[in-house]
Every structure is written in structure tokens, then in C-alpha cells.
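Just so you know, the sequences run in chain order A and B. Following this note's numbering, the numbering of the first sequence begins with 321 at its first residue and continues without gaps. Following this note's numbering, the numbering of the second sequence begins with 2 at its first residue and continues without gaps.
I should point out that these hints are in silico values taken from the structure, not numbers from a laboratory. Just so you know, even glycine gets a beta-carbon here, dropped at the ideal spot from N, CA and C. Hints are supplied without guarantee of correctness; some may be wrong.
[As the list claims (entries may be wrong)] One side of the interface only, derived from the structure: several residues of chain B facing chain A at Cβ under 8 Å:
hint: 1; residue: P46
hint: 2; residue: D128
hint: 3; residue: P162
hint: 4; residue: T175
hint: 5; residue: S176
hint: 6; residue: T281
[Unchecked claim] Incomplete in silico selection of chain B near chain A, CB under 10 Å:
hint: 7; residue: G163
hint: 8; residue: L199
hint: 9; residue: H202
hint: 10; residue: L422
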Amino acid sequence: MATTVHEPPKIEQQIERQRDRSRPVSDSGNGGWRNLVPPDGELRLVREYAPPPASTGIWVALAAIGMSFAALTSALVVRKGGSLDWQHFTLPSILYLNTLVLLVSSVTLEISRRRVATFMGGLRSGVASPARWLYITLSLGLLFVAGQYLAWRQLSAQGLYLATNPSSSFFYVFTAAHALHVLGGLGGLVRVIRKLNTFVLRRSTLDATSRYWHFMDVLWIYLLLLLWAKL
Amino acid sequence: MTPEYYLQLMTMHATIMVFFVLTTAPFAGFGNYFLPIQVGAEDMPFPRFNMMSFWVTFVGFLVLVASFFVSDGPTLGGWTQYAPLSAVGAVGGPGEGTGVVLWAASIAIFCVGQLLGSLNFITTTLDMRTRGMSLWRLPLSAWAWFITSCMGLTAFAVLMPGCILLILDHVAGTSFFVPSNLVINDQLQPHSGGSTLLWQHLFWFFGHPEVYIAIVPGMGIVSHVLITNMRKPMLSHRVLVYSMAALAVLSYMVYGHHMFVSGMNPVSSLAFSFPTLIITIPSTIIVLIWLGSLYGSKLRINTASLFALGFISMFISGGVSGFFLAQPSLDIMLHATYFVVGHFHMVMGVAAMFGIFAGTYFWFPKMFGRMMNETLGKFHFWLSFVGTYAIFMPFHYLGMAGNVRRYQAFAPDYMQPLVPLHRFITVAALLTGASQLIFVYNLIHSRFWGEPATDNPWQGTSLEWSTPTTPPPHNNFGDKLPEVYHDPYQYGVESSAGDYVMQVSPERVKTVSEEA
Chain A
321 MATTVHEPPK
331 IEQQIERQRD
341 RSRPVSDSGN
351 GGWRNLVPPD
361 GELRLVREYA
371 PPPASTGIWV
381 ALAAIGMSFA
391 ALTSALVVRK
401 GGSLDWQHFT
411 LPSILYLNTL
421 VLLVSSVTLE
431 ISRRRVATFM
441 GGLRSGVASP
451 ARWLYITLSL
461 GLLFVAGQYL
471 AWRQLSAQGL
481 YLATNPSSSF
491 FYVFTAAHAL
501 HVLGGLGGLV
511 RVIRKLNTFV
521 LRRSTLDATS
531 RYWHFMDVLW
541 IYLLLLLWAK
551 L
Chain B
2 MTPEYYLQLM
12 TMHATIMVFF
22 VLTTAPFAGF
32 GNYFLPIQVG
42 AEDMPFPRFN
52 MMSFWVTFVG
62 FLVLVASFFV
72 SDGPTLGGWT
82 QYAPLSAVGA
92 VGGPGEGTGV
102 VLWAASIAIF
112 CVGQLLGSLN
122 FITTTLDMRT
132 RGMSLWRLPL
142 SAWAWFITSC
152 MGLTAFAVLM
162 PGCILLILDH
172 VAGTSFFVPS
182 NLVINDQLQP
192 HSGGSTLLWQ
202 HLFWFFGHPE
212 VYIAIVPGMG
222 IVSHVLITNM
232 RKPMLSHRVL
242 VYSMAALAVL
252 SYMVYGHHMF
262 VSGMNPVSSL
272 AFSFPTLIIT
282 IPSTIIVLIW
292 LGSLYGSKLR
302 INTASLFALG
312 FISMFISGGV
322 SGFFLAQPSL
332 DIMLHATYFV
342 VGHFHMVMGV
352 AAMFGIFAGT
362 YFWFPKMFGR
372 MMNETLGKFH
382 FWLSFVGTYA
392 IFMPFHYLGM
402 AGNVRRYQAF
412 APDYMQPLVP
422 LHRFITVAAL
432 LTGASQLIFV
442 YNLIHSRFWG
452 EPATDNPWQG
462 TSLEWSTPTT
472 PPPHNNFGDK
482 LPEVYHDPYQ
492 YGVESSAGDY
502 VMQVSPERVK
512 TVSEEA
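Chain A with its partners taken away, still in its complex shape (with noise of 0.2 Å):
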């Protein structure tokens, strides 16, 4: 029989000693929201303590966008179906690139968050600083709105505008609130590279930043096929 005692996680501790810096909140069951990431910390601890609001808030906020996008959407299925002033046109084909971009801004921002885990974990020492990654997804992103921007060149170029036909409509109301939400992302991501910086970062934040920026990929994946489909 094996005899080795494995400690238990040493968690109460950690979390009084993140009292200590803030104000004494007593021993309430979700004291533990306000976990910052110490920058010689062991995450795991972190992680395994209660939720942080934010994480419960980001599934709110996305619930909220989504059904947002679903009026929007049946606003779209209503509006062709009764009508007969309804013209097809094909996408700008940079939307696929856009597509692309956004794609791999996911990517990188997963490599960030993972280097984010590392570096805060307490092996600064040994590797660069991962705001290089967070850099880089943040380019991503302006770079699919700057993309965004030309598909509507594109378009007037064509002689569609916002009020030429429903479906030119339908495309702009839809890039453009898509478009909108990602800057708020590109917000989000803006926070936390100045979080990072100067290592107050909380763990909370940084998932839930990704987990909308995730989500705003998805959302524009799936205007793109209902754009492709119904336009």
C-alpha cells in the first residue's frame, strides 16, 4: 500500500491572503469573486474556487446578443417571404477572407490565453510576455472590420446602398451590428493587454473576453450562411 499523504490544495490560504489586500469581506460562501491572479500563483486554485461573476455575466450578455440577432434574423425571414420587391445579389467575395481573418484572430487568442496561463502561473521568468499574442489578435480583428469596411465599398461600388433593396438593407443592419459588437470585443481585448500589463489581470476577465470574441465568430459564421442562403 502505498503511504504517501498528498497535501491538500492549500486554498483557504490563498484566498486569505487576497483578503488581506482587498477589504475583509468575512467568510461568505462567494467571497472568492474577487480573484485576482497573483503573478507567482498557482492558477489551479484558482480555477477550482467558486465562479467569478463574470463568467456567469459574459453567458447572460451573449444570451442577450444572440436573441438580438434572432429578431433580426426572423425580422429577415419575414420580410423576404411577403415580399416580391426582393433582389439576389452575391456577397462581395472578401467576405471569405474577412471569414478567414476572424478565424484565425480565435487562434491566436487561444494561444494567448494559454501563454497568459504559463506566464501567470509563475514561470515569467523563462517566457516572453504574451501580450505579443493578444497584439496580434487584436490586428486580426481591426483588420476583419477594416475588411468589413471594404465588403460595403464593395457593394455601393455596385450601386447598393443601405436603402437600395431589402437585401442590401438586411446586409448592412446585419455586418454593421456584427461589426459593432466585435469592436466592443476589440474593447474587451484592449482591457486586458492593460490588465496584463500591469499584472492585474483576473483570470475571469480574460476567459470571458474570449469567450465573446469566440462567440462573435460563430455569430458571423452564422450570418454569413444565413446571408449566402437568403440574399
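Fit chain B to the given chain A structure using the hints.
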């Protein structure tokens, strides 16, 4: 008064009341204050979003009020803003110009505020509960706010894109809601092919959950107030919660009953009529639980419990007329008459207001550390109660007599015999309105000169009554968050405190089983 000005005032009355009073006061108003306390948290998880939700709502209100100061005044389209007249611009008539854009912008901004608020409410309820506070230990008011925030999250997320499409039709010349060959004032409109029903679908998909967003927090507050004053729990805590949740879910499936006469497919009318009748089941269950719990209880009569009883009375009286309106065949006759006006003013308007009043009288001591004057409160209740019945009961009769709503004058001959009744209603409305001054006076006077309140004036059990000070400190519980040991509403037990045991009391008592 021109007919246009009458309609503008009516539209602003409806918009301000539905959005900026009935949606915000019972939900965001009381909820922001008491939900974190009732779950045992020091604050909501995203305080900045919370602050933003208030200021965004305030900006939305300013945008709405600003429409009084544009050249052709605020919109006159009613709170539903039906397309196409709301979507074609100034050519649609006076008040359909900039007023509509400001209205739609205001509502879109309001939606943002509500979404941020709902996000906070949901996360607070799920994540910020203190040790020992399981979901079933939440008081009914906290449950009601949680369910309302779930509805708000999905409903306002649909209204916002709708408003944006309306603005685009208005200012960018798109044709989402404006049909082809529309001629207004001998002018052929440049739009083509839009669907006027599309706006109605988007609006009412929000609009029907909206009425439950207004009433469900009231149900929670009223249950909370009643239980404390009955000194016993509801017949079934869980069934009440499940029924409120059922209302929330069903509220999305019934919205088409607002569109029975819109030219929608009659089969759809039938499809929407069925869930509309079904939704009366959870409503009835809730009412029966209230009445069954009240039966044989020694209810403490104070202003808060009187308003809670008034809420139930209004909800029943207004709800019964809903059965008539749920039938497509009857609705053809009753639609757009005073019958509908009477129905929703009682079941949703006045009932929700009574919920707000019950909450105010009940929580005022906690919020300001002073008691409200009971005598004045009871005067306020009886005048409001009798007054609102005097106003809104005749509305049902007017509606059956064919009195259409949204008319500035009663010109047709058949309406002439109804004018004396309108006079009576006007007098009743003025008196009821004036009696609200008693409330305002009571509020201000009690705030400064009221009797000092103790920490727990109503001998309640939930966490708001165990804050270290009254009013609670900025972080609700001071340095130590409470720990919860009991279900809410442990009344009628023998403990050291008397006939109740507080949720934070570690005392072991023989507790009443809720589901017994």
C-alpha cells in the same frame, strides 16, 4: 385641444408610464436596493454596469422629453408606434416626423439600460448569494426580480433591433415596414414591399412579456409583504415560484393576441388564443395561493398589507376581462375600445402601482430609518382603491357600448349617451389623482419627521431586516456578510424572538415544513 395634441399627450402618457414607471420602479427601483440585500451580497457584481443602467435610462427619458421641444412635437402614434405611419416620416402627419425618431431612439437607449440591469440581476441571483442561501431560500420578491430579469433580457433584446429598423425606415429610406404603393395625402411613397405586420410582430414579441415585466415584481413584493403580515408562509412557496416562471415562459407565446384584428392569418389567431387561455392557469394558481393562504390567517392590517390586498383585487378584476379579450371572435368587437383600456389599466397599470405602493410602505422604514404615517397611508389606500374602481370599472361598460379608444371628442351620435359617464370618470380621476398628494406629503413628511424605525419593524425574517444599521450601510452588511440557516418565511414557529425565526438566526427551531 387639437386631436393631434390629445394623441401626443396620450402617447407620452403611455410611453412614460409603461417604460419609465412600470418597468423601472418595481423592478429596477426596489430590485437594485433590495435584491443584493436579500441574497446577502454587499453589492451587485458589476456595479459600473449598474450605474450605467441608471444613467442610460435617464438619458433615454431625456431624449423622450426632448421630443416636446421639436417643431411638430412628440409622436402621436401611441406607445405601440404602428407602422407604416410611424415609419414614413413627416408626411405621415403631424407628430410623425422627428418625434418618432426621438421616441424610437429613446426606447432603444432604454433597452440598453434594461439589458445592463437584467445582466446584473441575473448574475447577482446566481453568483452573489451568501453562504447558506440556496435558491429555494430566496424570498419570493428575489425570485420575482430574477424571473423578471430573465424576461427583460430576452424581450428588450428584441425591441432594440426593432427600434433601429424603425429609425432606418424613417431616416435612411429603407423599406422594412412600409408597403408598396402607399399613398399618403395624394403622395405616392417611395418605399416598397415592406411588411407593416413585421413591426407588430417585433413589437409585441417584446410587448407582451413587457406587461409581465411590469406585474411579476409586484407579485413578488405583494407575496413578501403578505407573508410577513399573515405571520405564516404561503400555501406553497415552490408552486408560486414555478407559476411565476410559467408566466414568464408563456408570455412569449401569447403575444399574437394583440394582433387578432391586424389582418394576421386567422389560424394564427387561433394558435395565439390557445396559450392566452393557458396563461390564465398559472395566474389563477398564484391568485388561489394568495387567497388560500389568506384564508384563516390573522392578517395584520397596515397600509402595506392593504395595498397588497388591493393588488390582488385589481389583478383579479382586471384579469377576468382578459378571458373575454382572449377570444378572437369577441376581440373583433372589443378591440380598440375602452374595454381594453379598462382591462390593462387594472390588471397591469393600477395593480403594478399598488405593488409599488405596498413595497414603499413596507420598505420605507428600512430605506430611510423612519416609519411612514399609517393613518395617512390608510386614507391614501382607500381613496386610491375606491377611486381606481370608480375610474376603470365604467371603462368596461363604455367599451361594450362601442366607445372606441384614442378619440379626442365623442362626435358620433351613438356616443352621446355615454358622455355623462365620461364626466363621472373624469371627476373620479381628478379626485384619485389629488389623493396621491396625500402619499407625496406622507413620503416627504415621514422622511424627515417620521417616527424613528427599529431595525425590524414588521418582525420579518429575510435578510433585509438583519442589516447592522437602518438604513443599511453602503456595503449592505458592514464587515461581515450574513450566513443563512433557514428557509425564508419561518413564521408561526416558537423561537426566542417570538413567532418567527430570521434567516440569519443560527437558532435551531422546529420549523414549519413549506411543502407540508
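Hints, one by one, checked against the model:
Taking 8 Å as the C-beta cut-off, the interface hint given for B:P46 holds, the closest approach to chain A being about 4 Å. Because the smallest distance between the Cβ of B:D128 and any Cβ of chain A comes to about 4 Å, under 8 Å, the interface hint for this residue holds. Hint status for B:P162 relative to chain A: holds, with the closest Cβ pair at about 5 Å, below 8 Å. With 8 Å as the threshold, the beta carbon of B:T175 comes within range of chain A, its nearest partner Cβ sitting at about 4 Å, so the hint holds.
For B:S176, the suggested interface contact is upheld, since its CB lies about 6 Å from the closest CB of chain A, less than 8 Å. The criterion of a C-beta within 8 Å of any C-beta in chain A is not met by B:T281, whose closest approach is roughly 26 Å, and the hint is violated. With a cut of 10 Å, the hint placing B:G163 at the interface with chain A holds, because the nearest CB-to-CB distance is about 7 Å. Hint on B:L199 holds. Least Cβ distance to chain A is approximately 5 Å, under the 10 Å limit.
Taken as an interface hint, B:H202 checks out: its beta carbon lies about 7 Å from the nearest beta carbon of chain A, inside 10 Å. For B:L422, the suggested interface contact is broken, since its CB lies about 42 Å from the closest CB of chain A, more than 10 Å.
In summary, the structure is inconsistent with hints 6, 10 from the numbered list given earlier, while agreeing with the others.
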